[in-house]
Amino acid sequence: MRLGVTTTVQDSGLLDALVADFERRSGRKVRASVQGTGAVLSLARRGDVDVVLVHEPAQELEFMRDGYGAQRVLVMYNDFVLVGPPGDPARVKGRTIVDAFRAIAESGATFISRGDRSGTDVTEKSIWARVGLRTRPPWYVESGVGQGQSLVVASERRGYMITDRGTFFGRSATLDLVLIVEPLPRLPNVYHAITLDPTKVPAADRVAADSFVAYLLSPGGQQLIGGFGRDRFGTPLFIPAAGLAEGSLP
Amino acid sequence: MELIFEGLREAVARILTLDRDLLEAASASLVTSGSATSLSVVTGVPLGAALGLGRFRGRGLLLALANTGMGLPPVAVGLFVAVFIWRSGPAGQLEWFCTRQAIITAQYLLAAPTIVGLTAVAVQSIDPMMRLQLTALGATRLQSIALLMRESRLLILTAVMAGFGAVISEIGASLMVGCNIKGDTRILTTAIALETSKGEFGAAFALAFVLLGIIFALNALTTWAQQRARPQ
Chain Z
1 MRLGVTTTVQ DSGLLDALVA DFERRSGRKV RASVQGTGAV LSLARRGDVD VVLVHEPAQE
61 LEFMRDGYGA QRVLVMYNDF VLVGPPGDPA RVKGRTIVDA FRAIAESGAT FISRGDRSGT
121 DVTEKSIWAR VGLRTRPPWY VESGVGQGQS LVVASERRGY MITDRGTFFG RSATLDLVLI
181 VEPLPRLPNV YHAITLDPTK VPAADRVAAD SFVAYLLSPG GQQLIGGFGR DRFGTPLFIP
241 AAGLAEGSLP
Chain G
1 MELIFEGLRE AVARILTLDR DLLEAASASL VTSGSATSLS VVTGVPLGAA LGLGRFRGRG
61 LLLALANTGM GLPPVAVGLF VAVFIWRSGP AGQLEWFCTR QAIITAQYLL AAPTIVGLTA
121 VAVQSIDPMM RLQLTALGAT RLQSIALLMR ESRLLILTAV MAGFGAVISE IGASLMVGCN
181 IKGDTRILTT AIALETSKGE FGAAFALAFV LLGIIFALNA LTTWAQQRAR PQ
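Sequence lines, in order, name chains Z and G.
Residue 210 in the working numbering is what sits at position 210 of the first sequence, and the numbering runs on without skipping anything.
Residue 118 in the working numbering is what sits at position 118 of the second sequence, and the numbering runs on without skipping anything.
These aren't lab readings, by the way, just hints derived from the structure by calculation.
All clues stand as given, with none of them false.
According to the in silico footprint, chain G covers these stretches of chain Z (three or more CB under 8 angstroms from chain G):
1) 30-38
2) 109-121
3) 135-143
With a straight-line Cα cutoff of 25 angstroms, these simulated DSS-like cross-link-like pairs (lysine-lysine) come out:
4) G:182 to G:198
5) G:182 to Z:125
6) Z:125 to Z:93
7) G:198 to Z:200
8) Z:125 to G:198
Backbone N, C-alpha and C fix where the C-beta goes; we use that ideal spot for every residue, glycine too.
Start from the sequences, fold in the hints, and give me the full structure.
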């Protein structure tokens with residue numbers, strides 16, 4: 001089975017656990033292509049994957065509107081947070097997220113952006129749009145790499161960055177970064193699995209895709225997602241959400 | 001097929017309009033690989049000549065090391081350079097991670113052994129009779145070396161081009177130590193990988209054509225120099 005999945009799922013460590021468990025239960029082999037949401041959806045349009053697990057609702061809905069998706073189901077979620085260097089040079093702790101971004105821009109502290117149209121990148125840009133930043137000043141660094149490596153860039157360059165909670169806690173042991181702002185209301189980071197429409201994407205293996213989605217939503221799959229990271233980080237990295245409506249998430 | 005034609009059309013447009021991102025990546029590639037190759041020439045050509053012509057202890061070992069170095073896996077070099085220059089590493093004070101200096105360091109380690117090894121071969125390939133004649137004619141040691149280098153300059157040029165060609169096409173080490181920072185460490189190869197993964201095939205094609213163009217131009221220049229020097 002060919003899975004298109006975003007870097008946050010891999011860099012948090014969840015992907016390996018999910019794939020191992022699914023392979024053991026189903027006897028199928030999984031080949032995962034790991035890229036940002038935009039790239040994963042373009043793989044899906046071309047029939048290079050059978051099913052996707054992604055986290056950027058606007059691009060997903062466009063994908064569904066264009067008729068490429070068959071079924072889109074909510075799998076799990078966490079939220080986006082602002083992390084930064086331990087000294088908090090721009091003094092943004094305790095602010096709202098928009099105020100924090102404004103203070104970063106005013107102080108000229110380094111800010112790391114993925115710059116790759118991933119779910120994280122789209123979320124970050126939507127906050128900058130609210131601040132009104134339209135130029136690309138020198139302190140705005142586009143890393144051009146996945147979530148895990150971008151956190152390394154932020155850590156090494158003492159920069160601020162928007163990250164999903166899962167990848168941050170999954171990697172925080174080796175990073176010189178701390179949680180700076182936990183936005184309220186939460187900036188949801190919601191993962192959907194999408195199976196592909198057989199007429200639009202005939203190359204996709206629908207049976208394999210359905211069995212993977214059924215696994216993700218099964219009590220076993222949801223339990224693995226909810227328990228992942230609890231032992232090592234003391235807090236779950238992802239919250240299972242099978243059967244919930246997107247609008248009802250806390 | 002439509003994807004390919006669409007991509008090619010956009011690529012040509014980007015090249016003709018001198019797209020800013022394209023120029024930035026091309027210049028970053030030329031600066032980093034050019035610097036790494038220059039450093040390799042300054043240090044590697046004398047060392048290679050010494051290894052090829054000299055007779056001293058440890059020469060065999062050094063030659064074997066240079067020859068091994070010609071096949072260094074870029075990702076291994078990237079890993080070693082990265083752990084050295086991370087802030088937690090021994091050279092962390094430099095704060096070189098995600099900088100052009102980091103890319104130049106990694107590319108230097110990749111290019112230098114090639115230039116040392118091939119220079120040694122080049123100076124050794126000169127007819128041993130010529131070396132004897134030079135001594136017989138009373139040339140000083142330095143004069144002999146200068147003349148032998150002059151005689152083997154085309155082979156040394158080939159060695160330099162081989163080194164440059166290897167590092168400008170390299171991605172593994174450069175991405176690991178330089179990251180892929182827009183307008184700074186985003187070189188042609190890392191930009192191609194990023195644009196492809198974003199699904200921006202036009203931009204990726206344009207970058208690839210520029211990379212191929214640079215490599216072709218350099219090889220054409222080398223070939224021209226070689227042919228011009230050939231005795232008629």
